[in-house]
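S.K.: Here's the letter readout for the chains.
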Amino acid sequence: MRTDTNTDTSSPFTGGGQTRQDQTANRRARRALFGCALVTILTTLAIFVVLIDNAASYFFGARITELLAGASLSQEVTFTEFFTGTRWAPDHATPAHGIVPIVYGTLVITVGAAFVSIPIGTATAIYLSEYASDGVRAKLKPTLEILAGIPTIVYGYFAVAFINPVVLDPLADAVFGVSLGHYSMLSGMLVVGIMTIPMVSSISEDSMSAVPDSLRNGAYALGATRLDVSTRIVLPASISGILASYILAVSRAIGETMAVTLAAGANAQLTANPFDEIMTMTAYMVKMAQGTSAVGTVEYQSLFAVGLVLFLMTLAMNLLNDWFKRRFQEEYR
Amino acid sequence: MSSDTGTETETSRPSRSGLSDSASSGPGPTPPDTPTGLLTGSDLEYEHLKNRLFHGVLVAASLFGVVMLALLVLDVATDFYVGLTTYEVSLVDFVTRDGSQQAELAGFRGAIVASVILMLLTTILSFVVGVGTAIYLEEYAPDNRITRLIEANLANLAGVPSIVYGLLALAAFVNGIGLGPILLAGSIGLGLLVMPIIIVSSQEALRAVPDGVRNGSYATGATEWQTIRQVVLPAAMPGILTGTILALARAIGETAPLIMVGALFTNRLPLGPFDRFSAMPTQIYIWAQQPSQHFVHLAAVGIVVLLAFMLTMNAIALVLRSRYETEY
Numbered sequence: 001m002r003t004d005t006n007t008d009t010s011s012p013f014t015g016g017g018q019t020r021q022d023q024t025a026n027r028r029a030r031r032a033l034f035g036c037a038l039v040t041i042l043t044t045l046a047i048f049v050v051l052i053d054n055a056a057s058y059f060f061g062a063r064i065t066e067l068l069a070g071a072s073l074s075q076e077v078t079f080t081e082f083f084t085g086t087r088w089a090p091d092h093a094t095p096a097h098g099i100v101p102i103v104y105g106t107l108v109i110t111v112g113a114a115f116v117s118i119p120i121g122t123a124t125a126i127y128l129s130e131y132a133s134d135g136v137r138a139k140l141k142p143t144l145e146i147l148a149g150i151p152t153i154v155y156g157y158f159a160v161a162f163i164n165p166v167v168l169d170p171l172a173d174a175v176f177g178v179s180l181g182h183y184s185m186l187s188g189m190l191v192v193g194i195m196t197i198p199m200v201s202s203i204s205e206d207s208m209s210a211v212p213d214s215l216r217n218g219a220y221a222l223g224a225t226r227l228d229v230s231t232r233i234v235l236p237a238s239i240s241g242i243l244a245s246y247i248l249a250v251s252r253a254i255g256e257t258m259a260v261t262l263a264a265g266a267n268a269q270l271t272a273n274p275f276d277e278i279m280t281m282t283a284y285m286v287k288m289a290q291g292t293s294a295v296g297t298v299e300y301q302s303l304f305a306v307g308l309v310l311f312l313m314t315l316a317m318n319l320l321n322d323w324f325k326r327r328f329q330e331e332y333r
Numbered sequence: 001m002s003s004d005t006g007t008e009t010e011t012s013r014p015s016r017s018g019l020s021d022s023a024s025s026g027p028g029p030t031p032p033d034t035p036t037g038l039l040t041g042s043d044l045e046y047e048h049l050k051n052r053l054f055h056g057v058l059v060a061a062s063l064f065g066v067v068m069l070a071l072l073v074l075d076v077a078t079d080f081y082v083g084l085t086t087y088e089v090s091l092v093d094f095v096t097r098d099g100s101q102q103a104e105l106a107g108f109r110g111a112i113v114a115s116v117i118l119m120l121l122t123t124i125l126s127f128v129v130g131v132g133t134a135i136y137l138e139e140y141a142p143d144n145r146i147t148r149l150i151e152a153n154l155a156n157l158a159g160v161p162s163i164v165y166g167l168l169a170l171a172a173f174v175n176g177i178g179l180g181p182i183l184l185a186g187s188i189g190l191g192l193l194v195m196p197i198i199i200v201s202s203q204e205a206l207r208a209v210p211d212g213v214r215n216g217s218y219a220t221g222a223t224e225w226q227t228i229r230q231v232v233l234p235a236a237m238p239g240i241l242t243g244t245i246l247a248l249a250r251a252i253g254e255t256a257p258l259i260m261v262g263a264l265f266t267n268r269l270p271l272g273p274f275d276r277f278s279a280m281p282t283q284i285y286i287w288a289q290q291p292s293q294h295f296v297h298l299a300a301v302g303i304v305v306l307l308a309f310m311l312t313m314n315a316i317a318l319v320l321r322s323r324y325e326t327e328y
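For the record, the sequence lines run as chains A and B. Using the UniProt record's numbering, the first residue of the first sequence is number 1, and each one after it goes up by one. Using the UniProt record's numbering, the first residue of the second sequence is number 1, and each one after it goes up by one.
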C-alpha cells in the first residue's frame, strides 16, 4: 500500500483543477473501492458461517440460528464418536460417524506426497539457484511451472490411466505378487507429490536467489566447494522461505481433491498397505456431492462437518506459514 | 576444503570447523596441524567426488519433474490418438454432440458451451470487485489495522482449498437462496475462488506504475480518483488483464467446486446463466471414472480440448503482456 502525501484531499491544490464535484467523486470512489475490499472479508466470514452453521445441524440437529432461539439441543453425533470413531459411513444403513479413517486418508496422502515433493523440489531449487547456467534455468523453470498449471483433473486421469495400471500394477505384481485394483494409495501420493514439486522448487529458489552473493563469495574465498556453499551457506540463509514452501505444498496436498479422488479411490479404511484403496476427506465430499443427498439429511450435513475440519486444517497451515515468515525472515541489504 | 592450519583457522573461521571435520574423515585424512595449509591429493579427489555426486543428484531431481511432465503429456496424447483411431471418435462429432449414455454417441458440446458461459460470468462477477480491491489496497488504503486485516485475509483466502468454495456456493446459493445447480451458482463459486488471484496480480500491475507518473498527475491538480482513472489504470491495464486471463485459465480447469455445486448430471446445451450444466472438467471426471475404456478415451479427447482452451488463454495473456506492457 502507498503511504505518500496525497491522502489529504483538501490539499492546497484546490485553487487549480479540483472542483468540489471532483472531490466528492474521489470520496465516493474511495468508499466504493473500500466496499470491494470488504467483499474479501465477507467471503471469509461467509465460509465460516456456512460451515459452522451446517456442521451444527450435523452435530446438534439444529442450525445455529435455531440453537440461539432456544431450540432443544439434541446431540445427534457426539464429538467423541466423531473424533475417535474408526468407521466412517454416514450414508450407510447402519451409520457410523468416526472421521478418523478419512482424516487418516488425507494425512497419509499428504505425508506420502511430501516425501516426493520436498526432496525433489528442494534439490531442483538448489540446482536452479546454484548450479544451472542461465540458459538451462531459462528453460527448466518455465517447464516445471507448467506442472503447477495443469488442472488437477488431468493428474487424476494420469493416475487412473497411466500410473496405476501401467507403472504400479506390474511393479506390485512383480515385487509383492499382489494385483492392484482400480485405485491405490501410492498413486495418489505420487500424483499429489508431482503436482506440488513446482510449489516447493519455485518458492525455495526465489528465497535462495535472494541470498546475497557476498555470502557465497566469502565462503568460496575460504576454499569452500559448491556443495559446501549450497548446503552450508545458501540453505541455512534461505531456510525461512524453504520451510514456507514446504508448508504451502503440504497445505495444497491436504486440500487436493480431484487427483486423489481419481487416484486413491473412495473406500474409507485404515490401512498401511500402499496398494490399497483409501478415501480422503475431499474424496468423501466428492462422493457425497455426486449422490443425491437431499438438503437436511445427515449425509448432506456431514459434508460441512468434514469441510469444516478440512478448512481448519488448511487455515492452521496458512497461519503457521505466516508465523514462519515473520519469525525467521532474514533481511539482506 | 583446505586442511586446517592450526589455531589461525580456529579463530578466523570458527563456523566452518564442521566442514574440515568431514573433509578429514575422507579417504586420506591429513593431520590437522599440517603446516603447509595446502590440500593433499586424495583430499581434493574426495571433495571432487562428493561434488560430482551432489551435482548428479540435483540434475536427476530436476529431471524428475520434466520426465513426469513428458510422461503425462505423452499419456494424454497417446490416449487421444487411440480415442480417435481405435474408438473412432470423430473430433467434429465430439464438439457438436451433447452427452449420452452410449459412448459412441457422447459428445462435448454442452460442456464446452457451459465452460465458456461459466468463464464469462466468472469474469463479470470477479473482475470489477477484484480490481477495485486492488486499487483500494494500492492507492487509497491507509496503513492501519483494517488494511492489514484485509491483506492477511487475502493471503488466507488464496490458501483455502477450492472444494471449500464449492461448499460455500452449495450452501449459500444453490440451496440457501434456492438457485439450484445452475451456471450462475457455479460461476459465483469460481468467481470467489479466482478473486484473490486477480487481486494479487492487479496489485502487482498497479505497483509497477511508478510514483512519478502519479505525482505528475497530482501536480496538475488532479484528485486521486482522476489520477487512478485517467493515468494509473490505463498504464496498469495490460498487466491487470494478463493476470485476469491467467486466473481464468486456472478456473476453467477447476473441477471440485463445480462438483460440489452439482454440475454433474446434465450434459445438454445450456442456453443461459440459469440452466443446469456439466462443464468440461466435470464431464472429463465423469468419463474418466467409467469402467468402459471407450469412455476413458473420451475423457482423454476432452482433456485435449480443455488443454487447448487453457493454452489459448495463456497465449492471449502472453501476447497482451508483450504488446501492451509499458516500460518505465
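Among the clues, some could well be false.
As the list claims (entries may be wrong) - With beta-carbon atoms standing in for the labels, derived distance ranges:
id, chain 1, residue 1, chain 2, residue 2, range
1, A, A148, B, S42, 43 to 51 Å
2, A, P95, B, V73, 16 to 24 Å
3, A, R137, B, S42, 33 to 41 Å
4, A, E145, B, T85, 42 to 50 Å
5, A, L215, B, T85, 39 to 47 Å
6, B, V319, A, I146, 36 to 44 Å
7, B, R321, A, P119, 33 to 41 Å
Just so you know, the hints here were simulated from the structure itself, not pulled from any lab data. Every residue gets a Cβ at the ideal spot worked out from N, C-alpha and C, and that includes glycine.
S.K.: Please name the hints from earlier in the document that this structure breaks, with their numbers sorted from lowest to highest.
M.R.: 2, 4, 5 and 6
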